[in-house]
Every structure is written in C-alpha cells, then in structure tokens.
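Visitor: Use the sequences and the hints to build the structure in full.
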Amino acid sequence: MADSAHVPVMLERVLELLAPALTGAHPVVVDANLGLGGHTEALLAAHPALHVVGIDRDPFAIDFSTRRLQPYAGRTSLVHATSDELASVLARLGREKVDGVLFDLGVSSPQLDEAERGFAYSYDAPLDMRMDTSQELTAEKVVNTYSAGELTRILRDYGEERFAPRVAGRIIKERAKEAITSTKRLADIVREAIPAATRRTGGNPAKRTFQALRIEVNAELAALEVALPASLDALTLGGRVVVLSYHSLEDRLSKQVLTARTRDTSPPGLPVPLPAHQPRFRLLTRGAELPTEEETTRNPRAASARLRAAERIRVDED
Numbered sequence: 066m067a068d069s070a071h072v073p074v075m076l077e078r079v080l081e082l083l084a085p086a087l088t089g090a091h092p093v094v095v096d097a098n099l100g101l102g103g104h105t106e107a108l109l110a111a112h113p114a115l116h117v118v119g120i121d122r123d124p125f126a127i128d129f130s131t132r133r134l135q136p137y138a139g140r141t142s143l144v145h146a147t148s149d150e151l152a153s154v155l156a157r158l159g160r161e162k163v164d165g166v167l168f169d170l171g172v173s174s175p176q177l178d179e180a181e182r183g184f185a186y187s188y189d190a191p192l193d194m195r196m197d198t199s200q201e202l203t204a205e206k207v208v209n210t211y212s213a214g215e216l217t218r219i220l221r222d223y224g225e226e227r228f229a230p231r232v233a234g235r236i237i238k239e240r241a242k243e244a245i246t247s248t249k250r251l252a253d254i255v256r257e258a259i260p261a262a263t264r265r266t267g268g269n270p271a272k273r274t275f276q277a278l279r280i281e282v283n284a285e286l287a288a289l290e291v292a293l294p295a296s297l298d299a300l301t302l303g304g305r306v307v308v309l310s311y312h313s314l315e316d317r318l319s320k321q322v323l324t325a326r327t328r329d330t331s332p333p334g335l336p337v338p339l340p341a342h343q344p345r346f347r348l349l350t351r352g353a354e355l356p357t358e359e360e361t362t363r364n365p366r367a368a369s370a371r372l373r374a375a376e377r378i379r380v381d382e383d
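The sequence shown maps to residues 66 to 383 in the numbering used here.
Quick caveat, the hints were computed from the structure, so don't treat them as lab data.
Cβ coordinates follow ideal geometry from the N, Cα and C atoms, glycine included.
Hints should not be assumed to be uniformly reliable.
Pairwise CB distance ranges, derived in the manner of DEER restraints [to be verified]: (1) R157 with R133: 18 to 28 Å; (2) R160 with G234: 46 to 56 Å; (3) K242 with A84: 24 to 34 Å.
Dumping the calculated DSS-like pairs for lysine-lysine here, alpha-carbon to alpha-carbon at most 25 Å [to be verified]: (4) K272 with K249; (5) K242 with K206; (6) K238 with K206.
Guide: Have a look at this one:
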C-alpha cells in the first residue's frame with residue numbers, strides 16, 4: 066500500500082493537542098497503535114527532538130512503518146507487541162516516563178483492504194480477523210467452537226447486536242451442517258437470522274457480528290482496559306494522552322478511564338479539598354470531539370472517529 070493511501074485520522078487536531086507537551090529537550094511519545102505510521106511520521110517531522118516508541122501487534126504494521134520512518138530511524142523504537150504491554154515495553158527501553166501517548170484504535174487500512182485477513186464482510190475470504198497473525202485464536206475458531214451462550218454474549222456485548230440469540234442460534238445450526246470458514250457464508254448466515262424489516266435499514270446486517278468477532282479475537286477492549294491506565298501512569302507532569310475511538314464501546318471505556326482520573330475524590334462536605342484526593346489529570350476535550358465534515362468527505366473512514374484527550378496536572382508525592 067502506498068503512503069498516499071493512508072490518511073491519518075484527525076491528524077491536525079492530534080498534533081495540536083500533543084504539541085504543548087513536546088517542548089522539552091528530549092520529548093518522548095508512545096504511539097500505542099502504530100498502524101501505518103502516519104501520525105508518528107507527522108509528529109517526528111513537526112518536532113525535531115522527538116523520539117517515538119511505536120507499538121503494534123501486527124507484524125505488517127511494524128515492517129511497513131520501519132520502511133516509512135527510515136528517515137527518522139534514529140528517533141524511533143518500533144516494537145511488535147500489544148498495547149497492554151505498554152508498561153513493560155517502556156521498562157525494557159529504559160523510558161518509564163513519557164511526554165505523550167496516542168491511541169489510534171480500531172482496524173488499520175491494510176487489515177480492512179486485504180481480503181485474506183478476513184476482517185471485512187464485503188470480501189469473500191477465510192474467517193481470520195487476527196491483527197497479530199502469529200496468534201492461534203481466529204474468527205473461524207470462535208464461530209465454530211464457542212457455545213451458543215458464549216456467542217450470544219460476545220455478539221451482545223461487543224457488537225451491541227439486539228438479535229444476538231437469533232444470530233448465535235443460526236450459527237450453531239449452520240455449523241452443524243458444515244464448518245463455517247468464509248466471511249461470505251458467515252455474512253449470509255447473519256443476514257438470514259436478522260428479521261427482514263430490520264435488514265432493510267441500517268446498512269449491512271453483518272456489521273455488528275463482524276465487529277464483535279474482531280474484538281473477541283484480538284481482545285481489543287481488554288487491552289485498552291490495561292493500556293490506557295498504564296499510559297496515564299507513565300505521563301510526566303504536563304504530559305498528554307490522546308485517544309481516537311471508532312465505536313461506542315471503545316469511546317465509553319476511554320471516557321470512563323479519563324473521567325475517573327480527572328475527578329476529585331475528596332469526601333463530600335470537607336471545607337478544604339484533600340491533596341491526596343485531588344485529580345492528577347484534566348480533560349482537554351469537552352466530551353468526544355468529532356472529525357470535521359471536510360475530513361470525512363476526504364477520508365470516509367474518519368466518519369466514526371471520536372477523540373478524547375487529557376493532561377497530567379499533578380504528580381504523586383513520594
């Protein structure tokens with residue numbers, strides 16, 4: 066894939082939010098979902114003293130970004146790992162504290178565009194959906210081995226599919242005839258399970274099922290639950306975190322974590338707030354910011370993006 070095909074989402078706003086934290090002599094940013102390296106490349110170009118630690122679970126992303134960022138090779142550390150390993154990655158690199166962290170969640174362009182990765186219901190491909198192609202769990206294994214209850218749970222919780230029991234039941238019935246191994250067959254099964262009246266609105270009825278399977282296969286929400294708090298712990302005074310989410314589950318989790326860190330936890334009724342209970346962070350965004358209409362016209366995949374950001378304003382005393 067050519068660099069020109071990769072359009073980083075909300076790039077100008079990401080750069081604007083992180084810039085105040087990168088004024089020191091040797092600033093460090095963690096790009097916790099490196100992808101094709103578009104945000105990282107722009108950050109490195111804008112801040113000549115910056116070092117970026119790029120983390121991605123997809124070996125393709127690491128290889129691609131290594132080539133793309135070759136002009137900045139002395140200022141990058143690219144690591145094949147999952148985002149929930151952020152703290153251990155920084156420890157291995159001897160960089161326990163950083164000035165900024167970026168989470169660009171969701172699926173990268175190559176994962177969507179390469180049919181054989183099995184992420185998209187618009188292609189007929191093997192049911193895979195692994196971001197890290199070296200792991201064992203695939204969407205095919207989930208679809209063909211999970212119980213009806215397990216399938217219902219992930220479709221409901223990760224896909225917000227209101228017909229989860231119907232879809233799970235149809236999957237169980239169809240796989241008893243023959244293993245479900247292709248994206249097209251799964252999409253057809255889901256379509257048959259959704260009531261006809263519902264199928265006529267809301268886009269492809271398989272969208273929610275495919276989202277749920279992708280989240281399950283890659284443990285995306287579980288990784289974010291660990292990685293986002295770890296990133297906040299790693300920030301220096303004045304350090305900033307920016308989170309780009311692409312569906313309500315990611316955004317809700319991001320909101321919960323950031324709100325918890327920006328709340329005064331002093332017992333009510335005290336005349337003076339207790340220092341130990343004062344918030345260590347402040348929100349930089351009012352709710353979730355959306356991409357501009359101009360950007361979504363230029364880059365339709367940005368349409369579902371939601372951005373939240375926070376800054377460390379206090380450090381714990383030893």
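Visitor: All hints, please: hold or fail.
Guide: Tested hints:
no. : hint                       : verdict
1   : R157 with R133: 18 to 28 Å : 23 Å, holds
2   : R160 with G234: 46 to 56 Å : 50 Å, holds
3   : K242 with A84: 24 to 34 Å  : 57 Å, violated
4   : K272 with K249             : 12 Å, holds
5   : K242 with K206             : 16 Å, holds
6   : K238 with K206             : 16 Å, holds
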